[in-house]
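Peer 1: Go ahead and model the full structure; you've got the sequences and the hints to work with.
Chain order of the listed sequences is A and B. The letter at position 90 of the first sequence is residue 90 when you use our numbering, and the numbering goes up by one with no holes. The letter at position 82 of the second sequence is residue 82 when you use our numbering, and the numbering goes up by one with no holes.
Bear in mind the hints are in silico, worked out from the structure with no lab data behind them. None of these values were measured; they are calculated from a predicted model. Careful, some of the hints might be misleading.
Said to hold, decoys possible - Restricting the straight-line Cα-Cα distance to at most 25 Å, the calculated cross-link-like pairs of lysine-lysine (DSS-like) are:
{"id": "1", "chain 1": "B", "residue 1": "Lys191", "chain 2": "A", "residue 2": "Lys182"}
{"id": "2", "chain 1": "B", "residue 1": "Lys89", "chain 2": "A", "residue 2": "Lys235"}
{"id": "3", "chain 1": "A", "residue 1": "Lys147", "chain 2": "A", "residue 2": "Lys119"}
{"id": "4", "chain 1": "A", "residue 1": "Lys241", "chain 2": "B", "residue 2": "Lys97"}
Said to hold, decoys possible - Just the calculated beta-carbon pair ranges, DEER-fashion:
{"id": "5", "chain 1": "B", "residue 1": "Glu189", "chain 2": "A", "residue 2": "Gln40", "range": "47 to 57 Å"}
{"id": "6", "chain 1": "A", "residue 1": "Arg85", "chain 2": "B", "residue 2": "Leu277", "range": "28 to 38 Å"}
{"id": "7", "chain 1": "B", "residue 1": "Glu101", "chain 2": "A", "residue 2": "Glu296", "range": "22 to 32 Å"}
{"id": "8", "chain 1": "A", "residue 1": "Glu288", "chain 2": "B", "residue 2": "Pro91", "range": "37 to 47 Å"}
{"id": "9", "chain 1": "A", "residue 1": "Gly254", "chain 2": "B", "residue 2": "Glu189", "range": "20 to 30 Å"}
{"id": "10", "chain 1": "B", "residue 1": "Asp67", "chain 2": "A", "residue 2": "Thr103", "range": "49 to 59 Å"}
Backbone N, C-alpha and C define an ideal beta-carbon position, used for all residues, glycine too.
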Amino acid sequence: MSALFEFEKQVDRLRRKIEELKSMEKFEPAVIEEIEKKFQKKIKEFYENLEAWDRVQIARHPDRPHSIDFIRATFKDFVELHGDRHCGDGKAIIAGFAKFEGTPVCVIAQEKGRDTKEKIARNFGMPVPEDYRKALRVMKLAEKVGKPIITLVDTPGAFPGIEAEEKGQSEAIARNLYEMAKLTVPVVSVVIGEGGSGGALAISVANRLLMFENAIYSVISPEGCAAILWQSQDKVKEAAKALKLTAKDLLELGVIDEIIPEPLEGAHRDWNTTFKNFKTYVKKHLDELMKFSGKELREDRYAKFRRIGI
Amino acid sequence: MFERFFKRKLRREGKVVSQVPSGLWIKCDSCKTLLFRGELENNLMVCPKCGHHFPVPARDRLYMIFDNGDFEELDANLEPVDVLGFADKKPYVQRIKEAQEKTGLKDAVVNAKGFIGGKPAYVSCFDFRFMGGSMGAVAGEKVTRNIERAAEDGIPFICIAASGGARMQEGIVSLMQMAKTSAALTLLEEKGVPYISVLTHPTMGGVSASFAFLGDVIIAEPKALIGFAGPRVIEQTIRQKLPKGFQRSEFLLEHGLIDMVVEREKLKETLSKLLDLLGGRNERKD
Chain A
1 MSALFEFEKQ
11 VDRLRRKIEE
21 LKSMEKFEPA
31 VIEEIEKKFQ
41 KKIKEFYENL
51 EAWDRVQIAR
61 HPDRPHSIDF
71 IRATFKDFVE
81 LHGDRHCGDG
91 KAIIAGFAKF
101 EGTPVCVIAQ
111 EKGRDTKEKI
121 ARNFGMPVPE
131 DYRKALRVMK
141 LAEKVGKPII
151 TLVDTPGAFP
161 GIEAEEKGQS
171 EAIARNLYEM
181 AKLTVPVVSV
191 VIGEGGSGGA
201 LAISVANRLL
211 MFENAIYSVI
221 SPEGCAAILW
231 QSQDKVKEAA
241 KALKLTAKDL
251 LELGVIDEII
261 PEPLEGAHRD
271 WNTTFKNFKT
281 YVKKHLDELM
291 KFSGKELRED
301 RYAKFRRIGI
Chain B
1 MFERFFKRKL
11 RREGKVVSQV
21 PSGLWIKCDS
31 CKTLLFRGEL
41 ENNLMVCPKC
51 GHHFPVPARD
61 RLYMIFDNGD
71 FEELDANLEP
81 VDVLGFADKK
91 PYVQRIKEAQ
101 EKTGLKDAVV
111 NAKGFIGGKP
121 AYVSCFDFRF
131 MGGSMGAVAG
141 EKVTRNIERA
151 AEDGIPFICI
161 AASGGARMQE
171 GIVSLMQMAK
181 TSAALTLLEE
191 KGVPYISVLT
201 HPTMGGVSAS
211 FAFLGDVIIA
221 EPKALIGFAG
231 PRVIEQTIRQ
241 KLPKGFQRSE
251 FLLEHGLIDM
261 VVEREKLKET
271 LSKLLDLLGG
281 RNERKD
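Peer 2: Structure (structure tokens):
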């Protein structure tokens, strides 16, 4: 466990106290069990009532499973494809084909990188136009060969840089929104960590949009929002709350279809349960979508976004 | 001709609504020349000395491009809703009220139908004065409705953008307007209806990264700031000074991202020609 956030420390203190009690061997096992039960109840309550800002931190937790971990653990026979066929190969989006629960699927996944070297190589998960164009190329291939698409969203946002602008970052994102709307194969998108604005949306114009319990999805980062509207970085907590960016908020707003539950203290505490839940939920939605024709899938996607707003 | 159109407008509204500070004399933001308001207005809010394009309120813009300044406004009653109950230093509802009072608009987009060079067109026009032309549910809905009408009637769609991007106060709902509007544009492809996108100063963020850059033809006004990320954000991220002219219309033209840079004086003429060339269906044997 590399990092504990402020709110995690509270739980950790309580846990250590219980361990201490247990090791004292003064109490009956029944009593210890009772205490343990109360503790579990308490942390459940605690995690259910986390502030938006706490969830932001869990969503960005350094130990949280990344796309690359999901691909390794929940897909088989993964073949990665490279390049946008125009000018480059982005490293923040992984694209390819693999077997998911026995079915060949297309995988499009944003990867932040874990250690410093890999983070730099992956551009911290901030895609450039080459990433989006590669993703689109591979999604169009999926459509050609009739394979469903699963996208994993985990990005702080599209990269703000000179070259990215020169190569048409706006156009690349816009083109993906447009082309994804037309796809005639099922698209299931899962926000596994951070859904950073247009940079996330560009791979998540889906028939089903799912979010992990502690994932976030927002029009702007709480930091960016605090800087613009409050002119102060001390207000990130307020901004996080005001933006309504948690999975629960998005479900209530009718933007996402379902929340994938996480292990009690967050996905970073128990990867296996996280992967298991991912498989169960994605499979369920994919199976449902497989019953629709290409035309129906396209119309369903249109209707899904058409009704958001006024 | 434009003198006439401003007179018509004066008659209709009783006053000229302009984004520039009120007063008889206006200092040009670019060359600092002191300009007589009437002179500036007769010149379509372009500085006669240096060619600087002043921002134009949405309805004024529509008067400028439609034949005889005549158009039918659509969806005028759509009003923003504070879905998130958002408040920063000021509650969102208060910001809406202030923007409405300042602009006389309900939200940042004005929808219209009319004729340009004798050809019909649906036009959605952004007004930067209304919360920076930001796109929330109303702007997204209005753009979408106009696209749907254009597809239905087989009449070209024109969007004139001026926006800082998605409206933060509507959170994820405003982000989703990017997908909604972009998806709507696929209807035009099905029906073979052209879409002309006009980018004016500034066109950024979520508006830039959705329908604004999906134009079949993309026109920009001179020296408009156009891009995904704001220059300050880029500077802070890469810790470098940005090159001169970065993210300006001329820079985008050079990089192959837009079709042309058109001065305001020529905009109506250019739109007329394009509508004539791209609109309607050619007779063709199948």
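Peer 1: Take the hints in turn and mark each one as holding or not.
Peer 2: Comparing the hints with the structure gives:
1. B:Lys191 to A:Lys182: Satisfied, since the Cα-Cα distance of roughly 14 Å is no more than 25 Å.
2. B:Lys89 to A:Lys235: The given pair, whose Cα atoms are some 10 Å apart, holds under the 25 Å limit.
3. A:Lys147 to A:Lys119: Distance ~30 Å between lysine 147 of chain A and lysine 119 of chain A Cα, so the pair is violated.
4. A:Lys241 to B:Lys97: Distance of about 23 Å is within 25 Å: holds.
5. B:Glu189 to A:Gln40: 47 to 57 Å: 55 Å, holds
6. A:Arg85 to B:Leu277: 28 to 38 Å: 31 Å, holds
7. B:Glu101 to A:Glu296: 22 to 32 Å: Since the Cβ atoms of glutamate 101 of chain B and glutamate 296 of chain A sit about 46 Å apart, the hinted range of 22 to 32 Å is violated.
8. A:Glu288 to B:Pro91: 37 to 47 Å: 41 Å, holds
9. A:Gly254 to B:Glu189: 20 to 30 Å: 27 Å Cβ-Cβ, so the 20 to 30 Å window holds.
10. B:Asp67 to A:Thr103: 49 to 59 Å: Once the Cβ atoms are compared, 57 Å apart, the range 49 to 59 Å for threonine 103 of chain A and aspartate 67 of chain B holds.
Comparing the model with each numbered hint stated earlier shows that hints 3, 7 do not hold.
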